[in-house]
Each structure stands twice: as structure tokens, then as C-alpha cells.
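S.K.: Order-wise, the sequence lines are chains A and B. Take the first sequence: its position 314, counting from 1, is numbered 314 in full-length UniProt numbering, and each next residue is one higher. Take the second sequence: its position 465, counting from 1, is numbered 465 in full-length UniProt numbering, and each next residue is one higher.
Worth double-checking, as some hints may not be accurate.
[Stated by the list, open to error] Here are a few chain A residues that sit away from chain B, every Cβ distance over 12 Å (derived from the structure): (1) V48; (2) I58; (3) I59; (4) D191; (5) V196; (6) H312; (7) P347; (8) T367; (9) N373; (10) D413; (11) R444; (12) L475; (13) K479; (14) H489; (15) Q525; (16) F528.
[Claimed, not checked] Mimicking BS3-like on lysine-lysine, the simulated pairs with C-alpha atoms at most 25 Å apart in a straight line are: (17) B/K368 / A/K393; (18) B/K220 / A/K393; (19) B/K531 / A/K531; (20) B/K479 / A/K387; (21) B/K423 / B/K286; (22) B/K286 / A/K364; (23) B/K404 / A/K387; (24) A/K398 / B/K394; (25) B/K423 / A/K394; (26) A/K531 / B/K225; (27) A/K393 / B/K398; (28) B/K423 / A/K531; (29) B/K423 / B/K531; (30) A/K286 / A/K423; (31) A/K398 / A/K368; (32) B/K368 / B/K393; (33) A/K398 / B/K387; (34) A/K387 / A/K531; (35) B/K368 / A/K398; (36) A/K394 / B/K531; (37) A/K423 / B/K531.
[What the hints assert, rightly or not] A few chain B residues that face chain A, going by a derived Cβ cut-off under 7 Å, partial list only: (38) M227; (39) K228; (40) Y230.
Because the hints were derived from the structure by calculation, they are not lab data. Predicted model only: the values in this text are computed from it and were never measured. A virtual CB, placed ideally from N, CA and C, is assigned to each residue, including glycine.
2 protein chains.
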Amino acid sequence: MALKARVLYDFHSENPGEISISENELVSLFSEEELEGWLEGKNSRGDVGLIPASYVEIIKDRISSNNNNGFSSPKVGTPTHASYSQRGPEAGSVGSGGGSFHTSQGSDDDWDDDWDDSSPATEAPRSLGTSPASLYPVTTTLPARRSSSLQPQAKSSATVGRNLNRFSTFVKSGGEAFLLGEAAAFVKDGDRICVVMGKHGPEWQDDPYPFTCTIDDPTKQTKFKGMKSYMSYGLTPTHTNVQVNRRYKHFDWLYARLVERFPVISVPHLPEKQATGRFEEDFISKRRKGLIWWMNHMTSHPVLARCDVFQHFLTCGTDEKAWKQGKRKAERDELVGANFFLTISTPTVPLDLQEVESKIEGFKSFTKRMDENIVVVNTTINDFARKQMSGFKKEYHKVGQSFKLLAQAFELDQQAYSGGLNKAISYTGDAYEAIGDYFADQPRQDLDPISDLLDLYRGHLANFPDIIHVQKGALTKVKDCPAQEGELHDRCNIISCATLAEIQHFHRTRVRDFRAQMQHHLRQQIGFFQKITSKLEDALQRYDSEQ
Amino acid sequence: MALKARVLYDFHSENPGEISISENELVSLFSEEELEGWLEGKNSRGDVGLIPASYVEIIKDRISSNNNNGFSSPKVGTPTHASYSQRGPEAGSVGSGGGSFHTSQGSDDDWDDDWDDSSPATEAPRSLGTSPASLYPVTTTLPARRSSSLQPQAKSSATVGRNLNRFSTFVKSGGEAFLLGEAAAFVKDGDRICVVMGKHGPEWQDDPYPFTCTIDDPTKQTKFKGMKSYMSYGLTPTHTNVQVNRRYKHFDWLYARLVERFPVISVPHLPEKQATGRFEEDFISKRRKGLIWWMNHMTSHPVLARCDVFQHFLTCGTDEKAWKQGKRKAERDELVGANFFLTISTPTVPLDLQEVESKIEGFKSFTKRMDENIVVVNTTINDFARKQMSGFKKEYHKVGQSFKLLAQAFELDQQAYSGGLNKAISYTGDAYEAIGDYFADQPRQDLDPISDLLDLYRGHLANFPDIIHVQKGALTKVKDCPAQEGELHDRCNIISCATLAEIQHFHRTRVRDFRAQMQHHLRQQIGFFQKITSKLEDALQRYDSEQ
């Protein structure tokens, strides 16, 4: 017997296996049992597939659901860093078996075996991966981020009306609570985060002790007498120069902490998970490259680089007790969500709200366009890579083989004076085959890195709608009661400063990364064509020497 | 009412519009009327299309045909230099309308308007273009060359049996008549052609006064007050340094003379004719390139370069009377066919016939393989050219456009420090588009010339089966009556010397041409990739200057 459920919000399917549903639509569910936050069911049009559990309310459970603050499901699926890779059909596809779902508690590494059982915070979700066209959907009530740690601190002391939409990012991030003065926590000096006024507007104060961190080739580790195996990455931060070993699940845990901790900071997405073939060379190399990019963005962010949980992650050695202690401390951190804003110091002169609004609007247009266009770039360069690895290679191979056929025919000639030419033509054939191989190898050097970069930036771009939403929520609230509450303005200023500082940081990093990557690409391409040229010059010489 | 005809020889269709027929098959003809040597009909399998007239015998005319020496048709079509170009479907296709047949009296130029009406010798045919697989068919009785000028001289004084097959190339070329001592003509010293013994065997004596000849871009000429127009080529041979103007039909006339004149010399095929679009730039340029190749092979052949008719063609100025005089002289030349062999002086020591036979066999295998393999090379490089002009170009354009899209998105950013990067990325996009254009232009520089060369050589390779057939015919005859007739041996030696000299010349020219063309190709390719490299270096600099 199929269960009935009412749809709470519009949902547009973005991956194979998902089905689209509309608000208030009645859908049938095949089972109450969720699989990583998804339910299987049928919509009113008869499409069968996966539905995000948090988007529907099961009708037979209606009353108890309503008591549960409107959340119909105890778990919210977080297919967060899926779907940012464009290469091939394998990426981002959601099999109906559900084996390839990507969540912070996915099937990738065996999470529970050497950690505390109680890790509810590892489920702290990000917004569902938004498609480029829906980065900023018309409806701003998409269920996205939910910070359960906020709820205990919510006091009802509002002089300004509360947001009725409990799913608003503004509410869930803690932005509203902070704005209404409901956030309260003790902030140590070490936790203070400074926004300073730079040449181009507010910016995060530079990290006085910048560092980087290398990630070595992962090694395969086993435990339980070889029954279980996993990959371990050696991380060496430059400020300690001591290597620590971490598994992907540790990155994943850290990621969840950071997302929860910093409502208006774009935490770089981790490279996608993969359920199968995780010990295959290609995957390992791709993940490592992704983690290097991720680490680079972490260490170059003045706020993220310095934060306690990241430092714990980078520096804690093999002492199990110390590790667990730091882990618990991070999970019980009070300065998350709304309280994060308490840690921020702003420049003395408050920002002009009009100007802030215009800047935010500009950035919104920017990110929308950037997201749209990098999708095109990514598709194009991945296509180009595929063509080079197949078509281009094949063409040069075919030409090479045909030259060799010519040489073979010429070898039937009994004239002595023909031998040198035959060898030269045969060598030319080899040269063309080699050039074909060069073409096949090249994309790995100069297109894949661009693609990796674009993937990382698509992650950032997917973060910003929520960040902007928090700032806009604050701005709207302040506009509702102008000049009445000085503190409200101050708090809105804090949120605006933090948002603009983050935007500034995004732009700086973007310019740095894209310049570096384009330069790398061009240098690689130049080297590539020079390699071809010298191969051909080599072939040409064979004709001279045999004249 | 359909006429019936009996098929005399196997014919395998090689072009659209033609149908295959087998010896002794009965076919229906739609009309007795020939179109340039072809009849329209239906074979026993029901295929409808064109049949070479000389391959069938119309049944109702049987007796009168037989009286006519077995030739059922007064004209033999000579679709000789068609079908050697591989690029695109337009080349070598034979429309059923017959408008695009290529014969020495084709529809290309209006032949009759300023020449004598009587030019029967312009019909002197070559063998039908043989497909690579059938260069040396098992049956050696393919009707091919017919030298009408031979017949008046045929005397019946044979002590050795005559070849019963009147269609054999051996017979038609005059080889048999010469061998049987039936050739007789006065040979002036100036007509004498020397075969000398070189390092690698018999070879044509070098031309003591070698020359070359340039062919200018053709100019469009009109006559009859603009009613008719034609292309005129300015030829300037280096030994006179005086330009003469010739039309394609003059080349065609010359070609027919040469084929008739030299039974064991491979006269280079003229570039193909084209009925339509003959004033279009591409065609004109292609034909001119073909004529340059042709001229190059003519002037570098010691025998062809020196012969009277070619010299007349190269040196006769605008004096109409002198031109016609030379023309008539050439058409009445006695030293054609069988008599050609009278002009040949051989080295004093006769060749070892066994060795000759083995060399000829080796060359036969060689030409067969070369023909097969250059078909593959030609197809491959033409495919490659097409891919570069379409696919490769498109890919680089797409990448260029996507980089420009990225720059466009980045331009929405209001940060001043981003401007330089945007311009650099946009420039990179332009660079990729330019590289796409380079790829599209390149094949014209380095693949088309190879293709032209291969076309020319396919022509030579199609000539050699007949040449070899003459030599083999002579050898067979001599084997039939060993040591009986010293003169027979001497004459067979002459034929063998001439054949081996021609083979030697072929190899020398081949090695020279392929070496030069491969070098040209590689130099072009090197320049091409260097051009790409400097374009990319240029783009790379934009990033530095804006840092």
C-alpha cells in the first residue's frame, strides 16, 4: 500500500532518478523508509523516482509531524558536493539503488569504526546543489540550511517581527536570531574576527601568520587484519612542518563543522565522493588534486585558516585522547550560527546600507552570470579534452600509420638509393603516432586543472545564494523599522561587513586562481606545441641525413 | 526495343553510373548511340548504367563488326585521368547525363573552334583508369591501348606465331609488330633515344640540356565578342625564356600525341577535367597546381622533355601557320608505336633475360603495393584535412568562445583589480579562435600538395601495367623460340632496356618527389605549430603585463 504525502515546496529534479514535485501536490510514497534523506515515490503526473524527504509531509503522520516544528523527517539529505563535476555521465548521476548518494555520512569511508558513535553534527547540511539556472530562484523559501544548534538559543524577545518562514536561510543560519539580539555567548579574544576597511571596501583582516599545507599521495592502510582498507593522506602544514595523517572522513567531518560555524563564509566544497572504485588510481589522483585545491582555499582564507577546528585538524598528532578532546570541543562549540556574528569586529564607520545593497545586487548578478558561463566553459573544455583523447589522437595515429604504409610499400623497391627515404618516412609515421599520444596525454596537464578549478568555484557559487540571503534578510528587517533601533543597525552592519568581506575575499581569490590557472594552461600548451614541433623537426632531419 | 550485345571482357564498374559486366554475359543496350565511348544498358543482374562500348559486341551487327577487326565501335572512350582525385564526392563521379565525362575530346574546352577539323589522332586512348585492386588483373586481355597508326605497317612476315588476341596491349602498343621485325621507318640522329647502363641498371641517358618550365596563374580570355571564354596559361620554359600561352585543350592534345608516341614510357596524366565551374577559383588553382606537377614530370623525363611535339608545344609562338605546321607534323609522326622502338639505342652488352624478368616481377609487386597503399594514404590525409578544416577548427573556436564567455562574466565584477585578467582571458579566447583558423587553413599548405602528388603517382601506376605487359609479351615470344632468332633477341633486349630505363626513371623521380614533398610537409607543419606557439606566448604575456 502506497503512503500519501503532501508536497511542502517545489522541487525540480536535477539528476537522473529524481522527480519534480510542486507545492501542495499529493504524491504516493512506496515506503516511509528514507535513504540518505530521499524517499521513493510517484508524483501526480505518474513519474516514479526519488523525492527529498524534507520537501514532503507524510499525511498519516501529519499531527506528529507538525509537532516536530514542521520537519517531517528526522534527517535531511545533503547531496551537497555531488553534481559539480561535469566530466562524463558517471558524475552526479544518482542511481535508483541509492548506492552513489553523496552525504557527509555516506558510504565512502566506514565512519563509525574509530570515532564516537555520537556524531549528530556530522549531518549538518548545506543547501541542496542548485543548478546554474536556479542559483537565485524566485522563491526564496527553498529548504536549505538548517542549523539545529541554533534552536536552543532562540529567545522570544523580538521587538521586530520574526520571520514566519522557518525554512528561510536567514532564520536557519542564525542571522535573524543575531539581528534580533538573541545571540549570546562568551567570546574570547582569540576568537575575534576582524573586518577592516580596505581599498576596495570591507575585507577580512589578513592572517598575520599565513601558512600553506601540502597533501602527499595517499597511502592505502588496512585494519582488522586487512579486512578493512582505507586511504590515508599525509598533510604537512608549513607552520608546524609536522606531518599528520587524515582520511577523507576527517575532511568531511571538518567540513561539516566549518559550515555550521560560519554562516556567511563560503566554505570550499570537498571533492566529490565516490562509492565505487575508490582505490582506483584515477579516482585517487583526482581526489587528491581536489583536496589540494580545497586545502589551498582553506589556508588562504584569513578566517577559515585560523579557526580552532581547522588547526586541530592540521596539527593534532597520533594521540587519540587529544584528538577526541579537540573533536568534542569543536562539536560543542558555542560560537556557531548566530553566535558567529558576535565574534566579528567591524570598522568604526558603519557602512552605507544603500551602497551595501547595490554591491550585493551587483555581486548577485555577477555570480549568476559566472555560474552560467563556467558551466559552458566546463562543458566545452571537457568536450575538448575528450576530443583530444579520442578524435585528435585517432587522426594523428591514422596519418602516422598511413605514412608507415607508404614506407612499407617503398621498401619493396630494390633500389639502394631509396632506403634512406623509406626510413625517414617510417620515422615520420612514428612521429605522428607520438603526436597523437601527446594529444591524448595533454588534457590531463592543462584542461583537467581548469576543470577542477571550475568545479571548486561552482561550489563557492552554490554557497553564495545562502550567504546573500542572510545579508538581505537582515537588510529587510532593518528597513522595516528605520532608525528605531540603533543596535539593530549595528548588528545589520556586522552582517553586511562580514558578507562584503567574504565577497571581497572571493574576488581576490578568483582573480588569483584564474590568472594562475590560465597562465599554467598556456604554459602547458606552449610546451605541448613545442614538443610537437621538435618531434617534427626530428623527423625532418631524417630526410636531410639520408639525402 | 532493346538491342542485345555480348560482353567481350570483364569490366568492373569504378564510378557511379557504370555497371559491372562479365565476359560472355548478354546485356541489353538502350541505344546503339555511344556517348564518348560509353553505351547505356542493363546487365544480366538488372543493373542499369554505363558500359564501355569497346567491351561489348552488338549482336545484330556481329558480322560487320567482325569484319572491322573485332572493334565494335568506331570510338573508344578514354576516361583516363578521371578518378585519381579522392577529395570529396564531386571528383570522378560520372553523371548519367554524360556531361562530366573526361575524354581527350571532352566538353571542357571547345576544341573545334580554332583547330583543323581533322584530328583523329586526338582520340588516341589510354587504358581505362584501373582501380588499385585491379592494376594487374588475372586476365591480361583488357582492351586498353589501340594504336591505329600501327596497322598500315603490319606485314605478315612472322616466323614466330602472332598473338591471336588483337586486344592485347602487346599487340596494340606495337610491341609485337616491332618484335616480329615488322616495324620500319627512317630514324634521324636527332630522334635517337639512348639507354645507357647506369649504376643501378639501364637508364635513359640524361638530357644534356635540362630545363624547367613555369606555369603562371591562368588568365581568362574571351573571343567571339565575349560569347566564349576560356582560361589561358602562360608557360615559360627556362631554355628559351619566352612565354607562350596555352589552353587546357592544347595540353590535352599534346598528351594524346605523347601516349601514342611512347609505348613504354609513363606519360604523366593531366589533372582531371571538370565540366562545370571551370572558372571557379578553387578549380583553377587546383588545375594549375596539377599542371605544374605535370610539367615538372615532363621536363624531368629525359625522353619526354626532348621530344619534338613537346618542344613545339613549349616554344611555338603566336604564328598560327607555324603552330599548325608543327601540329600536323606531330600528328603524322611515323615514329609512333612499333616504330618508337626503332629509335632506341641500347648498351652494347645485352641484358640477362632472367634478371630482367625478376626485376620486372619485383616492380610489378612494388607498383601493386604502392598503388594500394597510396590509396590509403590519400584517403587518410584527405580525411585529416577535412577534420582539421571542420572538427579541429570548431573545437578551438568553441574553446576560444568559452574563454570569452568567462571574460564576459568576469567583466560584471566591479573590482578594479580584475580588469587586467578579464582582458587577458578575452585575448586568450581570441587566440584560440585564431588557432582554429590556422587549423582550417593549414591543410591547403601541407596536405593538399601530398594529395596532388599521390594523384599524379596514381596516374603513373595506372600506366605501368600496360608497359609491363609489352615487355612481358616480348619475353614470352622470345622464350617460345630460344636462340633461334638473334634479331628477335636483340629486339626483345631493346624493349627490355627501354622498360627498365623507364622503371629506373620512375624510382628516381619517386624518391626525389616524395622526399621533397615530405620535407615540405614537415617544414610547413613545423611552421604551423610554431605559429600556434607564438600566438599562445602572446596570450600568456597578457597575464604578466596586467599582474
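S.K.: Give a verdict on every hint.
M.R.: Going down the list of hints, with the structure as the test:
no.	hint	verdict
1	V48	37 Å, holds
2	I58	43 Å, holds
3	I59	45 Å, holds
4	D191	29 Å, holds
5	V196	17 Å, holds
6	H312	34 Å, holds
7	P347	19 Å, holds
8	T367	9 Å, violated
9	N373	4 Å, violated
10	D413	5 Å, violated
11	R444	16 Å, holds
12	L475	19 Å, holds
13	K479	23 Å, holds
14	H489	25 Å, holds
15	Q525	5 Å, violated
16	F528	9 Å, violated
17	B/K368 / A/K393	30 Å, violated
18	B/K220 / A/K393	44 Å, violated
19	B/K531 / A/K531	14 Å, holds
20	B/K479 / A/K387	61 Å, violated
21	B/K423 / B/K286	42 Å, violated
22	B/K286 / A/K364	57 Å, violated
23	B/K404 / A/K387	20 Å, holds
24	A/K398 / B/K394	20 Å, holds
25	B/K423 / A/K394	35 Å, violated
26	A/K531 / B/K225	60 Å, violated
27	A/K393 / B/K398	19 Å, holds
28	B/K423 / A/K531	28 Å, violated
29	B/K423 / B/K531	22 Å, holds
30	A/K286 / A/K423	41 Å, violated
31	A/K398 / A/K368	44 Å, violated
32	B/K368 / B/K393	36 Å, violated
33	A/K398 / B/K387	12 Å, holds
34	A/K387 / A/K531	20 Å, holds
35	B/K368 / A/K398	21 Å, holds
36	A/K394 / B/K531	23 Å, holds
37	A/K423 / B/K531	28 Å, violated
38	M227	48 Å, violated
39	K228	44 Å, violated
40	Y230	38 Å, violated
Hints 8, 9, 10, 15, 16, 17, 18, 20, 21, 22, 25, 26, 28, 30, 31, 32, 37, 38, 39, 40 from the list above are not met by this structure, while the remaining hints are.
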